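Asker: Protein sequence lines, in the order shown, are assigned to chains A and B.
Heads up: the first sequence at position 4 corresponds to 3 in numbering that gives the first Met the number 0, and the numbers run straight through without jumps.
Heads up: the second sequence at position 205 corresponds to 204 in numbering that gives the first Met the number 0, and the numbers run straight through without jumps.
Everything labelled a hint here was simulated from the structure, so no lab data went into it.
Keep in mind the model is a prediction, meaning the values are calculated, not measured.
C-beta atoms are modelled at their ideal positions from N, C-alpha and C, and glycine is treated no differently.
Incorrect hints may have been included.
[What the hints assert, rightly or not] Simulated restraints on C-beta separations: (1) Ser195/B with Arg175/A: 50 to 56 angstroms; (2) Arg259/B with Arg65/A: 47 to 53 angstroms; (3) Ala223/B with Phe111/A: 28 to 34 angstroms; (4) Glu170/B with Glu105/A: 30 to 36 angstroms; (5) Glu112/A with Gly42/B: 42 to 48 angstroms; (6) Ser195/B with Pro108/A: 36 to 42 angstroms; (7) Asp189/B with Ala141/A: 40 to 46 angstroms; (8) Ser151/B with Asp24/A: 54 to 60 angstroms; (9) Phe111/A with Ala120/B: 35 to 41 angstroms; (10) Ala102/B with Gln62/A: 28 to 34 angstroms; (11) Gly261/B with Leu92/A: 39 to 45 angstroms; (12) Ala141/A with Glu83/B: 30 to 36 angstroms; (13) Arg173/B with Gln53/A: 28 to 34 angstroms.
[Stated by the list, open to error] Calculated pairs, PhoX-like style, for lysine-lysine (alpha carbon to alpha carbon, straight line, at most 20 angstroms): (14) Lys79/B with Lys16/A; (15) Lys16/A with Lys197/A; (16) Lys16/A with Lys84/B; (17) Lys84/B with Lys197/A; (18) Lys59/A with Lys7/A; (19) Lys84/B with Lys194/A.
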Amino acid sequence: MIAIIDYKAGNLTSVVKALRFLGADDVVVTQSPEDVLRADKIVLPGVGHFQSTQLLEDLKLTQGVREAVAKGTPFLGICVGLQWLYEGSTEALGTEGLGHFAGQCERFPAVFEGAELKAPHVGWNSLEEVRGDSRLLRGVEAGSFVYYTHSWRAPVSEDTAAATLYGGAFTGAVERGNVMGVQFHPEKSAETGLKVLKNFLEM
Amino acid sequence: MRKGKESFAKEDSLLTKRIIACLDVRGGRVVKGVQFVDIVDAGDPAELAHRHARGGADEIVLLDITATHEGRGTLLDTVKRTAEKLFVPFTVGGGIRSAEDAAAVFDAGADKVSINSSAIARPELIGEIGGSFGAQAVIVAIDARRGVNGVSDAEVYVSGGRKPTGLRVVEWAREAEARGAGEILLTSMDTDGMRSGFDCELTRAVSEAVQIPVIASGGAGSAAHFAEVFLSGKADAALAASIFHFGVTDSRVLKGEVARAGVAMRLPC
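Okay, chain B solo, but in the shape it has when bound (with noise of 0.2 angstroms):
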């Protein structure tokens, strides 16, 4: 044993908090915006998330963002060339609408969904994802905007963050948590793209509300930003993507100095 059973005692919960490398894929290839506008191409998928994962990243996602707006299917031949040879949790996201598109993705490699706009259109679809593959593969993702009064009317918006959907934020998260989501994926669209930092108060407010994993993502530009959301914004996992396609750091590097801010996190040899 690392340690003596009483500083266990002590901190109980040595559950890390895990940081995910999040892949926007349109047409085969990883590209990532700003605001979901300004699209720059930053590389092969598959390449990419074996880098991460060797580099420590403790999750991969692979987030189709044209799916559902221009009507595509979920690229399989990239997630089953991405999931090929990665030991590590693999999600995607994008255009799945049916309990059979989301086994077309299971079958190709993936180990849980990502689900958004279709979710809204007919919850039903989580528990029907959830009754034959499990709960933990469904994530339900919340793309989210605060309102004229900040967290507490932020609203959920859909298709790329194109259509606002009259839904609380707080409110669809614990809908999705008792139709049986296994984790929830929640994006701010006010800070996505920006580098400025999570929106950390909302983020807790969703975390707070349910009892599942919160997935934080939208505006990672260092360690401290990380460290931030982990603490003070309750999340489970954080998301980042520009932050790693550009050699801004690796995730090792970030980890660790995300571990030394007082945060737990899984730190590979």
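So here's chain A without its partners, still in its complex pose (with noise of 0.2 angstroms):
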């Protein structure tokens, strides 16, 4: 069974639906840390701000994950989902992160190198410095693009499989273990983003 976490951040149907069309036949999109502790595979994905993430420790769905990835169930995270991986986020202070990985995500700056820089950072970018030893990019070649809608990014770290160019570089995909993130939104991302969901599955 794969768990999607329902934190109430945007919108799920499209994640579900990319899950299903690559063959998942037990989907369950869940708020409950006991589907998440027995789950195959957690997905959590999610849109707009940090702060809905509080959600996750008021559900004890955070003690969930926590034991879970612990036990070696894949985890990935989309879009805030990665993001909550981290420390925390510049979004919102008071919103501890689960730490997995190390840093803190932080908004794009509004002049980089000189230039006024647009924020969100809305379209396709590609992928680069693909982590040959990645599970999750197998197949996925340096240059391929993938769909972005976001505001803060996550900094670029040994842990990065991908990093994509906006501003500087960030983290497009982390990985280590069991757990991983990516930024981009594989279900929006046609072939590219269904190879990911693919090899994910495959776990």
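Dock chain to chain to rebuild the complex, using the hints, since each chain is given by itself in its own frame.
Answerer: Here you go:
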């Protein structure tokens, strides 16, 4: 069973639809820590404000996810779901992330190298420096395009599986062991996105 | 990495410009008119949406062009059928008057909604939809017509271009952004359907006034027109409908030509 965590941060229809299209029959949209603990895989989607991840703590889902990933359940965070894997975000300073990955998410700079930088970053941008050992990005070549829509971003670190450039490099995908995240929307990134989701389903 | 780091530093913004295929839908069929009248049938929405996505369109927009003035609800069945196997961003507009209307469209599979007349009638609607579904899910569509002094007094129209509102285009775009719109879809009714090029001057005025992406619409007739609205109009995306429907060109060919003109494009293999 694949548990898709619903914490009232946007529309989950597209993610569910893409997973079912790829052959996942047993997809459960849930707010229950029990579902998270018994799931074979966990997906944390989410768009909008980092503040909304507070509900994960309130519903004891944070603890559920901690236990599930500790026993090896593959976990995929999407968009704000990736950001939540870090220590926190300047978007909501009082709300803690899972802290699985080091660093804090920050807003795109208003100016980069002397030029005004528009935010949000919306549209198709490319994945670069794709890590050869990434299971999530297996078969995804550097230069592949994926769809982004966000104003905050995670820093590049040794756990970064692919970087994207906009106002400098940021983490497009992150992966360490069974815990993974993508800042882009794989469910909206055509063939490349479906490949990423398929890789996740096959773990 | 495809290129060296140094070349990235020089052109950091590798974000590509988007070409969006727009399907104007009436009665469950795709139609296209010239300046919002003289409507002809152009095919099945789901079939055309998939054809465009396969052909490399970066995004699909489905606009129910009759919903507002004939008081019909958005065609949820059409949306559902179109969204079923569509894995690129999918926007739906037309007849969305409330957060509940928007929720129904999202449930049917849309990623974003486009609101126009209803946002002008009640600007709070922008924040209401954004509050539940995120700002990225709300596009405020502006139908614009130049005034006697050109771009400087371009005015916002509603009801499919039938009613002037007295609002200035740039001011309304700024207000929409302040209220939480994720993108602006700017249609020039002076150029729409004419295939003589986008209104680049108007697009640039709006794009420079807001931080959020501006999608230019109205007037696409050739690859050169797209290149022009990206380079001189500063558009982040551009919408095209009739240019695709009748085999004028397909996205792959179009995008190749726009890329050769010096615009960053996503070119599917």
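Asker: Of the numbered hints stated earlier in the document, which are not met by this structure?
Answerer: none
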